[in-house]
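Asks: Single-letter residue listing:
2 protein chains.
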Amino acid sequence: MFQSAEQPHEISKFDFKQQEAALREALLEAQFDLVERQAFPLLILLAGLDGAGKGAVLARLGAWLDPHHLHIVAFDRPTDVEKARPRMWRYWYNLPPRGKLGVFVGSWYREPLAAHVIGKRDENALVRELAAINRFEQMLAEEGVLLLKFWLHLSGGESKRRLREIAREEGVRHVVEQRGWKQTRSEIVTVGERIAMDTSTGLAPWVVVPSDNAYYRDLSVGRTILEAVRKRLAAAPVPATPSAPAPIPPLDGRTVLDGLDLESSLSPTDYRRQLAELQQRLGRMTDDRRFRKVGVVAVFEGNDAAGKGGSIRRVTMSIDPRRVRVHSIAAPTDEEKAQPYLWRFWRRLPGRGHVAVFDRSWYGRVLVERIEGFCADRDWLRAYGEINDFEADLTAHGLVIVKFWLAISKDEQLRRFKERENTPFKRYKITDEDWRNREKWDAYALAVNDMVDRTSTEHAPWTLVEAEDKRYARVKVLSTVCDRLEGVL
Amino acid sequence: MFQSAEQPHEISKFDFKQQEAALREALLEAQFDLVERQAFPLLILLAGLDGAGKGAVLARLGAWLDPHHLHIVAFDRPTDVEKARPRMWRYWYNLPPRGKLGVFVGSWYREPLAAHVIGKRDENALVRELAAINRFEQMLAEEGVLLLKFWLHLSGGESKRRLREIAREEGVRHVVEQRGWKQTRSEIVTVGERIAMDTSTGLAPWVVVPSDNAYYRDLSVGRTILEAVRKRLAAAPVPATPSAPAPIPPLDGRTVLDGLDLESSLSPTDYRRQLAELQQRLGRMTDDRRFRKVGVVAVFEGNDAAGKGGSIRRVTMSIDPRRVRVHSIAAPTDEEKAQPYLWRFWRRLPGRGHVAVFDRSWYGRVLVERIEGFCADRDWLRAYGEINDFEADLTAHGLVIVKFWLAISKDEQLRRFKERENTPFKRYKITDEDWRNREKWDAYALAVNDMVDRTSTEHAPWTLVEAEDKRYARVKVLSTVCDRLEGVL
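Respectively, the protein sequence lines represent chains V and S.
Under our numbering, the first residue of the first sequence carries the number 5, and numbering increases by one thereafter.
Under our numbering, the first residue of the second sequence carries the number 5, and numbering increases by one thereafter.
Everything labelled a hint here was simulated from the structure, so no lab data went into it.
Check each hint, because a few of them may be wrong.
Where chains are identical, the list cannot tell them apart; a pair therefore holds if satisfied intra-copy or between any two copies.
[As the list claims (entries may be wrong)] In silico SDA-like links for lysine to any residue, alpha-carbon gap of 25 Å or less:
id	residue 1	residue 2
1	Lys58	Leu230
2	Lys414	Lys444
3	Lys87	Tyr97
4	Lys235	Arg382
5	Lys17	Thr273
6	Lys87	Phe36
7	Lys430	Glu416
8	Lys235	Ala380
9	Lys235	Glu146
10	Lys58	Pro12
11	Lys430	Trp347
12	Lys164	Glu462
13	Lys21	Arg277
All values reported here derive from a predicted model rather than from experimental measurement.
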């Protein structure tokens, strides 16, 4: 990976100055175009050993580019706020929106590199982690992010010289860090090379930048950015790899929802007793000290008028209001539209010791967006895997994910719609869109069927809730939440 | 993954018969279209537990489709021939070309499933294996293969009934197999579900087929094939995810080739002595009993007239001719063009105890195909990773990969071209194409630079050979082969 960067590459100060003015102007112009057209997000990763010049490149980019649309973030050890959230949260949080330019130093490569440098990981774990990174970057690319990954490489001799120099200039800090390492510089380079190689994919390859000579390094970075932005802005769409065929509907029209017994019900007395018990149980568990190490993400999806709101209230009522938050998911805002579709959910994730309730969720991608054609087939088809990866990240962090589909019959929905229309204080709950969705009843059933099949994982299974009887539904929801939470406490 | 298939799904014999005739006709017509237009290869994978009806589905497909263009392969434990080759070889060997339909039973899912059923693998190893499968299938999809993966699923009750029945009917065989398993049926289903989930990607999702009722099962499979083929045949190209930008050339035009000292030379006396020693050494090693457990894949690339032929001869002369084979790689044949680009190399892989020499190779993808625009940018950009995966497969099998780039100067090439033109018996060696390639000298140098950077892996590094002096080059090639081989014997 570093063969060509081990070659001596030089540009004189004079040549640099000559070329810099034109490059800078062109970069500003390209950036202006990008901003103006809000064409795509540009995300630059800067990696390389200490002393390779990451700071200097940042300074140069800061000087060359319009700082209004440039967001530089250096990721070091996670802060307390970051530690309270899944590992990838801080990267999502800082993703540039369309039209903007983000520069990450450190990035999601920091952990695997650091872990290997101090000699912690085994081979299979590394491979696994790199595969997850590749899937993540592929998702970014497919969501339209232009990802440029620069690996600043110092040749062997130059690298030794700089590390010595840094230690001398900055005192012991780096030397101490170095002493924590179990590997020599050349072993670290080998690990780095391997990581760079395995994560150099067709959609997100590394660009290795020879960095012995600062002028050469900075011009290379600048030119690469310029070429990449220009090409992408000018790019005519090329034909995609044909997407996989969408699943055909079950021949008998029978979906997982048909397995539900909608007659399930609960008497008012039983309901009151069980509800009180469950709410107490949930309250106790979320007040428990042990709860502060975990957290809950509760997803509510279901037919219109199936009673999501009522079920959600029964859950939230049981919990200390400082620990719970309900997120109503409607159409994305402009800011959210300028990001990959999962972004708006990442920003709403609970910290440890908290419960986040999603009234509708990321599953909109494979429900309404699929059915209304808001995204292409290939996009919702890849979403199943992306959502599973997303939820696996949350689970790995200790979050408990509960997912409910509240199901009612078509007749019951009609009854409730009419009741809403006839009850003044409920009228706001029913809109033309509800009636339009109702016409797509069967399409929704099929989408739910595929969704349950493809995203019911061991760690984040779907619970289908018979919601014809509201009492039955609320108790089933609460007891599921309690049981799942109990399982981890 | 199996939730909807756990539902009771039935179609009566009467309904089946009614629908079958039309489906069959439509399938034949779609197949005819596919053949006629040689549109794409259709590869169907059939998976599922014993008794789920794989055999019956095969019989049905055999009855429904034109057998001339249908190739059914059942993969069981590898045969001796298959064991002598890398694990994926037998799947490559049986890949359907464009226009044809292949059905694989067993397939590359056999090993991870079997290993987990008998309880061998650890979690990270499984994740790693599944990631490799996903990359492989993505490559197939991007090469244009329509991949349909059917997972025949029996509901819990039906499954038990069938396994008992099979054991009764066929004697002890399956029972014995079962006794070897360390897990119960439901644990096996859980592993299967997990594998199916993790390998259900956007480009190659699993289709779970409810299989309790044979009519339902067969119609589902038939309909899915029909829909998928029709849609793909009719598909208008959709815009692709924008590809990553191609690497910009080094600003100073300096490539890895500029690091070579082309003055390197060897006197005739030294040459003769060293050559004789090395050839003897190579001969001894390849005759050694231990060599029968490994094998060598030697790749020769280089400038035109750099002396690949002469170097290759010095290698092959040293080896028992029954153990060595030279493959000259020119433009692909029609048959090869109907397959993914790596196919023609898989078919030429050596068995254990053999040496395969490639005079030009799969690196054509990132050299001539890149430079001449024979494939899109995104295609050669993804090829680096695909080639690394390919070579990792070979290495895992015990093959030693040596890769040479023979480099001469532009002046020396001109001298040799002229010499060839002026020497009657060498004139066949020089063509108009050689002269045309010469005009693209710099483009080749850049392509070599990127190739060496991106495919010089720990297990399959490139060796750049200073070939201005033929004697020096031949000795360097031979000694590299000897050293690498010695490392594994």
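Asks: When no copy is named, should Lys235 and Ala380 be tagged within, between, both, or neither for a Cα gap of at most 25 Å?
Replies: both (24 Å within a copy, 14 Å between copies)
Asks: For Lys430 vs Glu416, is the C-alpha pair at or below 25 Å within one copy, between two copies, both, or neither?
Replies: Classified as within; 16 Å inside a copy, 88 Å across copies.
Asks: For Lys87 and Tyr97, with the copy left unspecified, which applies at a CA distance of at most 25 Å: within, between, both, or neither?
Replies: within (13 Å within a copy, 49 Å between copies)
Asks: At most 25 Å between C-alpha atoms: does Lys21 with Arg277 qualify within a copy, between copies, both, or neither?
Replies: neither (80 Å within a copy, 54 Å between copies)
Asks: At most 25 Å between CA atoms: does that hold for Lys164 and Glu462 within a copy, between copies, both, or neither?
Replies: Cα proximity of Lys164 and Glu462: across copies only (23 Å, versus 49 Å in one copy).
Asks: Given a CA cutoff of 25 Å, do Lys17 and Thr273 count as a within-copy pair, a between-copy pair, both, or neither?
Replies: Cα proximity of Lys17 and Thr273: none, with 85 Å in one copy and 49 Å across.
Asks: Is it within, between, both or neither when you check Lys430 against Trp347 at 25 Å Cα-Cα?
Replies: neither (32 Å within a copy, 65 Å between copies)
Asks: From the Cα coordinates, with 25 Å as the cut-off, is the pair Lys87 and Phe36 best called within, between, both, or neither?
Replies: neither (36 Å within a copy, 59 Å between copies)
Asks: As a check of your reading, is Lys58 near Leu230 (CA-CA no more than 25 Å) within one copy, between copies, both or neither?
Replies: within (19 Å within a copy, 55 Å between copies)
Asks: Could you place Lys235 and Arg382 in one of the four classes (within, between, both, neither) given a Cα distance threshold of 25 Å?
Replies: Classified as both: same-chain Cα gap 24 Å, cross-chain 13 Å, threshold 25 Å.
Asks: My question is about Lys235 and Glu146: at a cut-off of 25 Å on alpha-carbon distance, are they close within one copy, between copies, both, or neither?
Replies: both (17 Å within a copy, 22 Å between copies)
Asks: Pop the pair Lys414 and Lys444 into one bin, within, between, both or neither, using alpha-carbon distances up to 25 Å.
Replies: within (11 Å within a copy, 69 Å between copies)
Consistency with the previously given hints fails for numbers 5, 6, 11, 13, ordered from lowest to highest.
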